Amino acid sequence: MSDTTEKPRSFQEIILRLQAYWAAQGCAMMQPYDMEVGAGTFHPATTLRSLGSKPWTAAYVQPSRRPTDGRYGENPNRLQHYYQYQVLIKPSPPNLQDLYLGSLRAIGIDMALHDIRFVEDDWESPTLGAWGLGWEVWCDGMEVSQFTYFQQVGGHDCAPVSGELTYGLERLAMYVLGIDHVMDMPFNDPAAPIPLKYGDVFRQTEEEYSRWNFDVANTDVLLRHFEEAEAECQAILAQEAVDPKTGKRIIMAHPAYDQCIKASHLFNLLDARGVISVTERQAYIGRVRALAKQCADAFVQTNAGGQAA
Amino acid sequence: MPDLLIELFSEEIPARMQTKAAEDLRARLTEALVEAGLTYAGAAAFSTPRRLALTVQGLTGQSPTTREERKGPRVDAPEKAIEGFLRGAGLTREQLEIRDEKKGQVYFATITKPGRPAAEIVAEELDRIIRNFPWPKSMRWGAGSLRWVRPLHSILCILTDEAGEVKVVDLDVDGIRAGNSTEGHRFMGAGRFAVTSFDDYRTKLRRAHVILEAEERAQHIWQEASNQAFASGLELVEDSGLLAEVAGLVEWPVVLMGRIDEAFLGLPPEVLQTSMKEHQKFFSVKNPKTGRIERFVTVANVETADQGATILAGNQKVLAARLSDAKFFWENDLRTVQAQGLEGMGAGLAHVTFHNKLGSQADRIARIAALAREIAPHVGADADLAEQAAKVAKADLQSAMVGEFPELQGLMGRYYAAAAGLPAEVAAACQEHYSPLGPGDAVPSAPVSVAVALADKIDTLTGFWAIDEKPTGSKDPYALRRAALGVDRLVVHGQLSVKLLDVLTGSFNRVGIAISETASQNKQKLGGINISGGAFQVLPEVDGRRVDARAVNLLSFLHDRLKVHLKDDGIRHDVIDACLAMEGNDDLTLLVKRATALADFLKTDDGENLLQGFKRANNILTQAEAKDGVEYSYGADVKFAETDEEKALFAALATAEPAIAIALKSEDFAGAMGAIAALRAPIDAFFTAVQVNAESQVIRRNRLNLLSSIRHICLQAADLTRIEG
Numbered sequence: 004m005s006d007t008t009e010k011p012r013s014f015q016e017i018i019l020r021l022q023a024y025w026a027a028q029g030c031a032m033m034q035p036y037d038m039e040v041g042a043g044t045f046h047p048a049t050t051l052r053s054l055g056s057k058p059w060t061a062a063y064v065q066p067s068r069r070p071t072d073g074r075y076g077e078n079p080n081r082l083q084h085y086y087q088y089q090v091l092i093k094p095s096p097p098n099l100q101d102l103y104l105g106s107l108r109a110i111g112i113d114m115a116l117h118d119i120r121f122v123e124d125d126w127e128s129p130t131l132g133a134w135g136l137g138w139e140v141w142c143d144g145m146e147v148s149q150f151t152y153f154q155q156v157g158g159h160d161c162a163p164v165s166g167e168l169t170y171g172l173e174r175l176a177m178y179v180l181g182i183d184h185v186m187d188m189p190f191n192d193p194a195a196p197i198p199l200k201y202g203d204v205f206r207q208t209e210e211e212y213s214r215w216n217f218d219v220a221n222t223d224v225l226l227r228h229f230e231e232a233e234a235e236c237q238a239i240l241a242q243e244a245v246d247p248k249t250g251k252r253i254i255m256a257h258p259a260y261d262q263c264i265k266a267s268h269l270f271n272l273l274d275a276r277g278v279i280s281v282t283e284r285q286a287y288i289g290r291v292r293a294l295a296k297q298c299a300d301a302f303v304q305t306n307a308g309g310q311a312a
Numbered sequence: 013m014p015d016l017l018i019e020l021f022s023e024e025i026p027a028r029m030q031t032k033a034a035e036d037l038r039a040r041l042t043e044a045l046v047e048a049g050l051t052y053a054g055a056a057a058f059s060t061p062r063r064l065a066l067t068v069q070g071l072t073g074q075s076p077t078t079r080e081e082r083k084g085p086r087v088d089a090p091e092k093a094i095e096g097f098l099r100g101a102g103l104t105r106e107q108l109e110i111r112d113e114k115k116g117q118v119y120f121a122t123i124t125k126p127g128r129p130a131a132e133i134v135a136e137e138l139d140r141i142i143r144n145f146p147w148p149k150s151m152r153w154g155a156g157s158l159r160w161v162r163p164l165h166s167i168l169c170i171l172t173d174e175a176g177e178v179k180v181v182d183l184d185v186d187g188i189r190a191g192n193s194t195e196g197h198r199f200m201g202a203g204r205f206a207v208t209s210f211d212d213y214r215t216k217l218r219r220a221h222v223i224l225e226a227e228e229r230a231q232h233i234w235q236e237a238s239n240q241a242f243a244s245g246l247e248l249v250e251d252s253g254l255l256a257e258v259a260g261l262v263e264w265p266v267v268l269m270g271r272i273d274e275a276f277l278g279l280p281p282e283v284l285q286t287s288m289k290e291h292q293k294f295f296s297v298k299n300p301k302t303g304r305i306e307r308f309v310t311v312a313n314v315e316t317a318d319q320g321a322t323i324l325a326g327n328q329k330v331l332a333a334r335l336s337d338a339k340f341f342w343e344n345d346l347r348t349v350q351a352q353g354l355e356g357m358g359a360g361l362a363h364v365t366f367h368n369k370l371g372s373q374a375d376r377i378a379r380i381a382a383l384a385r386e387i388a389p390h391v392g393a394d395a396d397l398a399e400q401a402a403k404v405a406k407a408d409l410q411s412a413m414v415g416e417f418p419e420l421q422g423l424m425g426r427y428y429a430a431a432a433g434l435p436a437e438v439a440a441a442c443q444e445h446y447s448p449l450g451p452g453d454a455v456p457s458a459p460v461s462v463a464v465a466l467a468d469k470i471d472t473l474t475g476f477w478a479i480d481e482k483p484t485g486s487k488d489p490y491a492l493r494r495a496a497l498g499v500d501r502l503v504v505h506g507q508l509s510v511k512l513l514d515v516l517t518g519s520f521n522r523v524g525i526a527i528s529e530t531a532s533q534n535k536q537k538l539g540g541i542n543i544s545g546g547a548f549q550v551l552p553e554v555d556g557r558r559v560d561a562r563a564v565n566l567l568s569f570l571h572d573r574l575k576v577h578l579k580d581d582g583i584r585h586d587v588i589d590a591c592l593a594m595e596g597n598d599d600l601t602l603l604v605k606r607a608t609a610l611a612d613f614l615k616t617d618d619g620e621n622l623l624q625g626f627k628r629a630n631n632i633l634t635q636a637e638a639k640d641g642v643e644y645s646y647g648a649d650v651k652f653a654e655t656d657e658e659k660a661l662f663a664a665l666a667t668a669e670p671a672i673a674i675a676l677k678s679e680d681f682a683g684a685m686g687a688i689a690a691l692r693a694p695i696d697a698f699f700t701a702v703q704v705n706a707e708s709q710v711i712r713r714n715r716l717n718l719l720s721s722i723r724h725i726c727l728q729a730a731d732l733t734r735i736e737g
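Respectively, the protein sequence lines represent chains A and B. Take the first sequence: its letters are residues 4 to 312, numbered as in this note's numbering. Take the second sequence: its letters are residues 13 to 737, numbered as in this note's numbering.
Once the Cα atoms are required to be at most 27 Å apart in a straight line, the calculated BS3-like pairs of lysine-lysine come out as: (1) B:Lys659 with B:Lys627; (2) A:Lys296 with B:Lys149; (3) B:Lys329 with A:Lys10; (4) B:Lys149 with B:Lys32; (5) A:Lys200 with B:Lys329; (6) A:Lys296 with A:Lys251; (7) B:Lys293 with B:Lys339; (8) B:Lys403 with B:Lys369; (9) B:Lys179 with B:Lys216.
Some residues of chain A that are not near chain B, with every Cβ distance over 12 Å (derived): (10) Glu9; (11) Ile18; (12) Gln22; (13) Gly41; (14) Ala61; (15) Met186; (16) Pro193; (17) Lys200; (18) Glu210; (19) Arg214; (20) Thr222; (21) Glu243; (22) His257; (23) Arg292; (24) Lys296.
Think of the hints as simulated: they come from the structure by calculation, not from any bench. Note that the structure is predicted; figures quoted are calculated from it, not measured. Don't be surprised by glycine CBs; every beta carbon is placed ideally from N, CA and C.
Generate the whole structure from the sequences, applying the supplied hints.
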């Protein structure tokens, strides 16, 4: 890649270039997970696949929801629904930093003009029982990515270690495109027959979800769903490993993990509704973490988790 | 004498860890080399974001051959013993020497350890040091098992002799082979290059846009930033912590000064400064005429064709986004305060749990307000103001600004109190009641601030004491040691006369009520699960006062923190113990006065000798009392005095006793010590001239009673039996 790459013209072009770049590096181009998650890390292609000894490489866009960050589409930088670009490579290759810098060049960031820095930022996800060491990557003083070497996930030591890259796509794209308000950002090519801005696509949904997240969501229902998801997760994992119908050994780590994801998102919604006190908060996080841990325990017993079939 | 050069090249090392890591590398490796028998002339260590480097000059080329002689068993000793000796020495029987000793023929072994080349020692020790490096946090990467702060990429390790001959040390750490090359700046360097010596390394690094010395990078940043500020008639705000951090974030510092948009200049300077420093690592640049912060300095790691214009524009944009958040919070908070007052801003604290057994923040604030009112008269504060200040001191925790920048708590309270039109004392207390935060932090002296600060800390302490969450070992999650030291320092610094046991007892009562109320609420919430509240306490009596038993326990915790603090001031722990044993030790000001006077006294010649005299008297007396089974406290009678020295001691004690009593009554401890000092000569003379254990029982008893007077009088000042030496 040369530093003279032409500037991208739209949000989607930046995504497409990242896709092309990481595909060229040999990553499996995954698609978003079909459930509500708070970050790309929750995708089983990261959480579960970072466990066990099998090599893995994946890249994908993940729509992410953070109900508390909703601002009715008015704040230039905050959204309750946004996109993350996620790359996970296990074991982390020795040139991961260079690969990452290559991806910035691919989306038009010229290293001869910009100041790229790796600033200490250790990542921890209390709900996933996961942590790693790494940096937030700064471009001219702005955080554009999170760069992490996973050390533990779901309470398990990662061996080998995965390298994880997370790009906050809207923020990164706004910087590259020189846009001040996210809603003004071109979504597709401005020269397209029907040019759309980010606001044309998402302003209305930001309003609708902000209202629902903060004031309307039925907290009794959310609470019940949380408890149901928790119970279902545990019930799935309590099943015998051998399926009585097929006689095969089928540990249902993924269906159980879906319930863990659900519980996590329901907790976020309850949090946005302001019905969780500071002390209760820790308890809820602990309950989700316990689920994540049990799912991780189950996954490492499976074939994909490194167990011999 | 070769020179050694080491560089450990890795991905970006956190700035806060670099200096110590370089120092650890130097200390550990040079120690190991010396331990292995090598010597060296000098060593220096360096760090940049991507490397730790070490140069050791004038290293001996190899360690000396050593000979050790060991005496073994006798020749006729059991076979097992001889075999064991051979194993230990690593020799065969033929290599042993037999010598004639008094007890017979004995085996001797001479163990020769040949010297080893420096390269071999360096390889071995460096490998060990890398594998056991004391990083505060370390990690694994890829499929390996080596741990380092971030992935370690290359090791440069060479020995250069006087002729300039370079030898690469043969070393392989988990597949990383030591070599003679490194690379420069990530973006401005031009690939790997080989080096032949430390000077060559340093010069080539600079050519590759890396300044090796952190100190030089810091100086460059400071100089350049000051110059740029000065050129615009402005002044750089000093911040040595930030300077050190920024110097650890760049290998090639490029200083850029940018403007802060007019729209944000109305924000409190601390808000600008915090926002810029914490999130962006910017220095603040102020206008010396107005004191306003008008510009910022950022330090980039790269030179660009546009002289940093793109970088600066980007930084400015990020800052503007942050400051518009801050401005939004500031304006919103001001509106809240103006509409609802500061107490209105804090109304939400009723829904914030402080601790699930101690109720909400609002409950806690009510207790602090009552306590501040109680303490006010002892610290010279107006009780109404103290109460009012305590009620609003934590309101800013509910402000949007503190929600975003928790480090501004207190300070924002001060601004918002002023905006609400509250008295200046109240506004000051909002900020100052958190102080002192650590042993070095300034202690507030404004009476209202002191009252609230004390009440805040005492409520924290009694609360956690009451629910039995005292610190244990290294665990102190609620920072109770810090709170206790805060109480000590507030009292001692302000020379406050406070009977702490009474204050603590009052506070325990209030906390006790809170606990049982919270427990009954929790009980309702939890549907009948029984949570035991505060148990009924029988109050013990101390110095004739009824006090809470927990208060006595907490007081000794406060004493412990005070001891540590006074030790730093050069007052020995036994001196403090001697004073702690006295009545009224819950008045810390009195305690410290007494301890200071005693410590000063013991440093004098009189003090030292009097102490010896006292100890001698006390020892003789204690032994006699133990032997005779009686207490000699009847008072000696001068009419049985035989010698002049004895009579002189009677006279001296008769003078000293009232003098000491008068001095102590007015808390003049130095005076009391002075009066005791007058006893030194008579006591010394007495012991030189007089035999206590006289043949006449009458005289012996009288002399023992005289010693008892010495003890009695000296113990008025402090419990000298606790002084060591």
